[in-house]
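> So you can see what is in the structure, the chains are spelled out below.
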Amino acid sequence: MRGRPMLYTSYEADQAMVNTTTKKGAVLLFMAFLIAIPLFREGSIGGVDSPIGSLPGPDFLAQGDWLKLLTTVFIFAIGGLGLNILTGLAGQVSLGHAFFMGLGAYVAAVFGMPGGGLWGLGLPIWVWLPLAGLIPALVGVLIAPTAVRVRGLYLAIVTLGLVFIGEYLWRNLDFITGGSQSGRSHPPFEVRLWKEEAPIISFNSDGTWFGIFNLSSEAKIYLFLLIITVLFVLFAKNLQRTRVGRAFMSIRDRDIAAEVMGVNEFKYKTLAFAISSFFAGVSGALLASFVGRSIPETWILFLSVQFIAIVLIGGAGTVSGTLMGSAFVILLPRIIRDITGWMQGVVQSGDSFLASIFDFFVSTSAADFGLVNTAPGVAPGLGIDQLNLVIYGLLIIGFLVFEPLGLYGIWLRIRNYWKGWPFTY
Amino acid sequence: MPELLILAQANGQGTNEVAQLLIQGLSLGSIYALLAMGFVIIFKATQVLNFAHGALAAVGAFLVAVFATIYDVPERWLGDTPRWVSWTLAVLIALIVAFALGMLLERIFIRPMVGEELFAVAIVTLGVDIVLRAITNDFIGTNSRPLGDPWGTGSLDLGWVRIAHTEIVQMAVTVVLVVGVAWFFRTRTGVAMRATAFDQEAARAQGIAVGRIFSVSWGIGAMLAAVAGVFLSLFPRRAAGLDTQTAFIAFAAFPAIVLGGLDSIAGAVVGGLIIGLAQAYSTLLPWDFLGTGFGGVVPYLVMLIVLLIKPYGLFGTEEIRRV
Numbered sequence: 001m002r003g004r005p006m007l008y009t010s011y012e013a014d015q016a017m018v019n020t021t022t023k024k025g026a027v028l029l030f031m032a033f034l035i036a037i038p039l040f041r042e043g044s045i046g047g048v049d050s051p052i053g054s055l056p057g058p059d060f061l062a063q064g065d066w067l068k069l070l071t072t073v074f075i076f077a078i079g080g081l082g083l084n085i086l087t088g089l090a091g092q093v094s095l096g097h098a099f100f101m102g103l104g105a106y107v108a109a110v111f112g113m114p115g116g117g118l119w120g121l122g123l124p125i126w127v128w129l130p131l132a133g134l135i136p137a138l139v140g141v142l143i144a145p146t147a148v149r150v151r152g153l154y155l156a157i158v159t160l161g162l163v164f165i166g167e168y169l170w171r172n173l174d175f176i177t178g179g180s181q182s183g184r185s186h187p188p189f190e191v192r193l194w195k196e197e198a199p200i201i202s203f204n205s206d207g208t209w210f211g212i213f214n215l216s217s218e219a220k221i222y223l224f225l226l227i228i229t230v231l232f233v234l235f236a237k238n239l240q241r242t243r244v245g246r247a248f249m250s251i252r253d254r255d256i257a258a259e260v261m262g263v264n265e266f267k268y269k270t271l272a273f274a275i276s277s278f279f280a281g282v283s284g285a286l287l288a289s290f291v292g293r294s295i296p297e298t299w300i301l302f303l304s305v306q307f308i309a310i311v312l313i314g315g316a317g318t319v320s321g322t323l324m325g326s327a328f329v330i331l332l333p334r335i336i337r338d339i340t341g342w343m344q345g346v347v348q349s350g351d352s353f354l355a356s357i358f359d360f361f362v363s364t365s366a367a368d369f370g371l372v373n374t375a376p377g378v379a380p381g382l383g384i385d386q387l388n389l390v391i392y393g394l395l396i397i398g399f400l401v402f403e404p405l406g407l408y409g410i411w412l413r414i415r416n417y418w419k420g421w422p423f424t425y
Numbered sequence: 001m002p003e004l005l006i007l008a009q010a011n012g013q014g015t016n017e018v019a020q021l022l023i024q025g026l027s028l029g030s031i032y033a034l035l036a037m038g039f040v041i042i043f044k045a046t047q048v049l050n051f052a053h054g055a056l057a058a059v060g061a062f063l064v065a066v067f068a069t070i071y072d073v074p075e076r077w078l079g080d081t082p083r084w085v086s087w088t089l090a091v092l093i094a095l096i097v098a099f100a101l102g103m104l105l106e107r108i109f110i111r112p113m114v115g116e117e118l119f120a121v122a123i124v125t126l127g128v129d130i131v132l133r134a135i136t137n138d139f140i141g142t143n144s145r146p147l148g149d150p151w152g153t154g155s156l157d158l159g160w161v162r163i164a165h166t167e168i169v170q171m172a173v174t175v176v177l178v179v180g181v182a183w184f185f186r187t188r189t190g191v192a193m194r195a196t197a198f199d200q201e202a203a204r205a206q207g208i209a210v211g212r213i214f215s216v217s218w219g220i221g222a223m224l225a226a227v228a229g230v231f232l233s234l235f236p237r238r239a240a241g242l243d244t245q246t247a248f249i250a251f252a253a254f255p256a257i258v259l260g261g262l263d264s265i266a267g268a269v270v271g272g273l274i275i276g277l278a279q280a281y282s283t284l285l286p287w288d289f290l291g292t293g294f295g296g297v298v299p300y301l302v303m304l305i306v307l308l309i310k311p312y313g314l315f316g317t318e319e320i321r322r323v
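Chains as they are written, first to last, in the working numbering: chain V, 1 to 425; chain S, 1 to 323.
These are calculated hints, taken from the structure and not from any lab test. Built from N, CA and C at the ideal position, the CB exists for glycine as well. Watch out, some of these pointers could steer you wrong.
Unchecked claim - Across the chosen pairs, the derived CB separations fall in these ranges:
{"hint": "1", "chain 1": "S", "residue 1": "LEU104", "chain 2": "V", "residue 2": "LEU142", "range": "41 to 49 Å"}
{"hint": "2", "chain 1": "S", "residue 1": "ARG186", "chain 2": "V", "residue 2": "THR242", "range": "54 to 62 Å"}
{"hint": "3", "chain 1": "V", "residue 1": "LYS419", "chain 2": "S", "residue 2": "THR187", "range": "54 to 62 Å"}
{"hint": "4", "chain 1": "S", "residue 1": "PRO146", "chain 2": "V", "residue 2": "VAL191", "range": "51 to 59 Å"}
{"hint": "5", "chain 1": "V", "residue 1": "TRP126", "chain 2": "S", "residue 2": "ALA266", "range": "54 to 62 Å"}
{"hint": "6", "chain 1": "V", "residue 1": "GLY398", "chain 2": "S", "residue 2": "ILE305", "range": "37 to 45 Å"}
Stated by the list, open to error - Which stretches of chain V does chain S cover? Using the computed rule of at least three CB atoms under 8 Å from a CB of chain S, they are:
{"hint": "7", "segment": "144 to 152"}
{"hint": "8", "segment": "304 to 315"}
{"hint": "9", "segment": "391 to 401"}
{"hint": "10", "segment": "408 to 419"}
With the hints as constraints, model all of the structure from the sequences given.
Dropping the structure here:
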C-alpha cells in the first residue's frame, strides 16, 4: 500500500499541506536552499575576525543585488498571496491592491517613524508591522459593502476607482506622505522594545550572527523577510483547507449555490476583502521599508496590474503558483536586462555567427535596425523598460490564452509526464 | 493623475464662469462620451470589458501624429490644399488604420478567448493595454507630440463666454458620431450586431457571421477611441499634443461607462456628459482642503455614489441571475 500515489488512508493525510513524502523532501530541501543562499558568499562563515569560507553554491545569488531581488520577490509574494485569496479563492476581481499597499506603507510610516515635519510616532516594528496589516484590513471591511453590492466586471472598475482616489489622497495628505516632490522615508528593519536609541537587533548593518555567520545587511533583511514570508505562506496555504477557505471557493464557483448551502455571501466576501487587504498592507509596508523611501506615485495602477499578473501567471487559486508568479514577475526584468546586455556585448565584440543573429534584436547606432534599443535617444527600437512592459503584457495575454492555470499548470503537466513515464498517461 | 482642468484659469476677461464651465464640461464630456460609446459597442457585441480603450485612444492620436506631422502624408501629394482639408485627410487615414488595428487585435488576442470567463478576457485586454501603451509611450518619449491640427489656440469670443475652435469642432463631431452610431444600429450590420449582443448562438443560427461582427465592433470601438484620443490631445489641458498622460486621462471614461451602465449606448453618452460636467464644475468648489487634482477623482466619486444606489448604472440592464 505504501507509496501508491493518491492513496490516503486517513483524512489528515488527505488534507495535509504537503501530502506526499516526495513533496515533503522537496519543500525541506528548497527551504534549506533559501536559508543557505546568504552563506554562498565568500567569507560568510567564520570567526568574528577570521573569515574561513562559504558554503559551495551559486554564489551570484548571495551578491547584494540578487539578494535584494530575492527579497523583493518575498515581499511581492506576500501581496500576491493576498490578491490570490481575494481573486483566486473568493473569485472577486480587484484592481485596488495598490491602494491597500500604499495604506499599509503609510500606516507603518506614521507609527514607525519618529516625527519631524511629518506625522510620526516612532514606535517599534512589532507595533507598526501588525498595524500596517490591521488598518488596511479595517478599511477593506469598510469598503466591502460597496464592493459586495456590485459584482463581476463592475467590481473591477470600482476597485480601479479606488486606486485613483488613493493616489489623489496620497498626493494631498502631504503631512503623512511627504507629497509628490519629496516623498517620505519609512521605518528601517530593526527590533526595539519601545522607543530607545539603540535597537536590540538591527537588520540594517553588517554583522555577525551566532558568532560564526558574517552577514551583510542585505543578507539579514533577506533572512528576516524569508521568515515573515514563510509565516504568510503557511497562513495562506492553511486557509484553503479551513471552513473559511472552502466558503470562499464555494462563492467563487457559484455564489447562489453557496448561499443556498448556508454560506453567508456578505460575511465571507467582506472577510475575503479584509484578509486580502491585510496581506496587501503588510506587503506595502515591507516594500516601502525595504526601499527606504516612497512617493505617492509608488502606489499606482501599474502596481495592481503587477499583482494581477503575479496571480494569473502563477496560476489563480494556488499558493505555490503565486510564489512562482512573483519570482517570475520580479526576476523577469532583470533577466531581460542581462540577456540584452549580453547580446549587445556579442554584437560589439565582432563578426561571429551569433553576432549577426543578435544584431537583428539589438540596435546600437542610428543606422542600425533592431527590436531593442541599447543606445537611448540614438538608435531605433524599444527602450529596455518599454521592452519589459511589452513582454509583461504579452505574457499576461499568453498565459491566459494558452495556459489558464499558469506556471502551476505547466509544472503540473511536467510532473504528471514524469510520473507516468514512459507511458503517456 | 494629471491635472485635467487648468482651463478655468485660462478664461478671458468678462466671461461668465458658470456658462464657461458649462461649455468646457460639455466639451470634455463629449470626449468621454465618444470613448464610452466605443467601449459600450465592444462590450455589447462581444461581452468584453475593454481595459485597453485608453491605450487605443492614445494609439489613435499617435497614428494621427504619424500621418499628419511626421510623414505628413496628405501634404506630400496635395501640397496646395488648405491646411484643414489635408489634416482631415490625414485623420481619416489614421482612423482607417485604427479600424484595422482594432479588428486585428480582436482577431489575435480576443477571438481565442471566446467562451472563457468574462474576467479572464478583461485581463487579456489589460495585457493589450500594457503592450500598446508601452509602444506608444516609447514613441512619444518625454515631450508631447503635436498633432498638427489647423485650429491652434484660436477661440470664438461671444462676450459672456469664450469657446475654443477645437471645442466647437469636437462637439460637432461628437454629435455627428452619436447620430452616426444610432444610424449604424439600424443598418444591416448594426441589426446583426444587436442580434449578436442579444444571443450569440441564436444569431449564428440565423446566419449571422458572429466572428465578423466581433471584428467590426472592435474596429468601430478603436475608431471612436482614436477620435476621442485626438480631441484629448488637442483640448482639455491646452497641451501641445499627445503625451504619455493621454491614455491615463482616458481612464476617466470608465466611470462614465459604469455610470451609464455597461451595455447602454444612451447611457454612455449621458454618463460621459455627466462626468465631464461634474469634473468641470468641481473647479468651482471653494474648499482649499480638496487640494490639487480633485478634478481627477470626481468621476470616480460620482461613480461610487451612483453605484451604491443603482448597482447596474443608470441605464444598464439588470443582470437576471438564473439559479
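> The structure should be examined with respect to each hint, and the outcome stated for every one.
Each hint tested on the structure:
no.: 1; hint: LEU104(S) with LEU142(V): 41 to 49 Å; verdict: holds (44 Å)
no.: 2; hint: ARG186(S) with THR242(V): 54 to 62 Å; verdict: holds (56 Å)
no.: 3; hint: LYS419(V) with THR187(S): 54 to 62 Å; verdict: holds (57 Å)
no.: 4; hint: PRO146(S) with VAL191(V): 51 to 59 Å; verdict: holds (56 Å)
no.: 5; hint: TRP126(V) with ALA266(S): 54 to 62 Å; verdict: holds (56 Å)
no.: 6; hint: GLY398(V) with ILE305(S): 37 to 45 Å; verdict: holds (39 Å)
no.: 7; hint: 144 to 152; verdict: holds (count 5)
no.: 8; hint: 304 to 315; verdict: holds (count 3)
no.: 9; hint: 391 to 401; verdict: holds (count 8)
no.: 10; hint: 408 to 419; verdict: violated (count 0)
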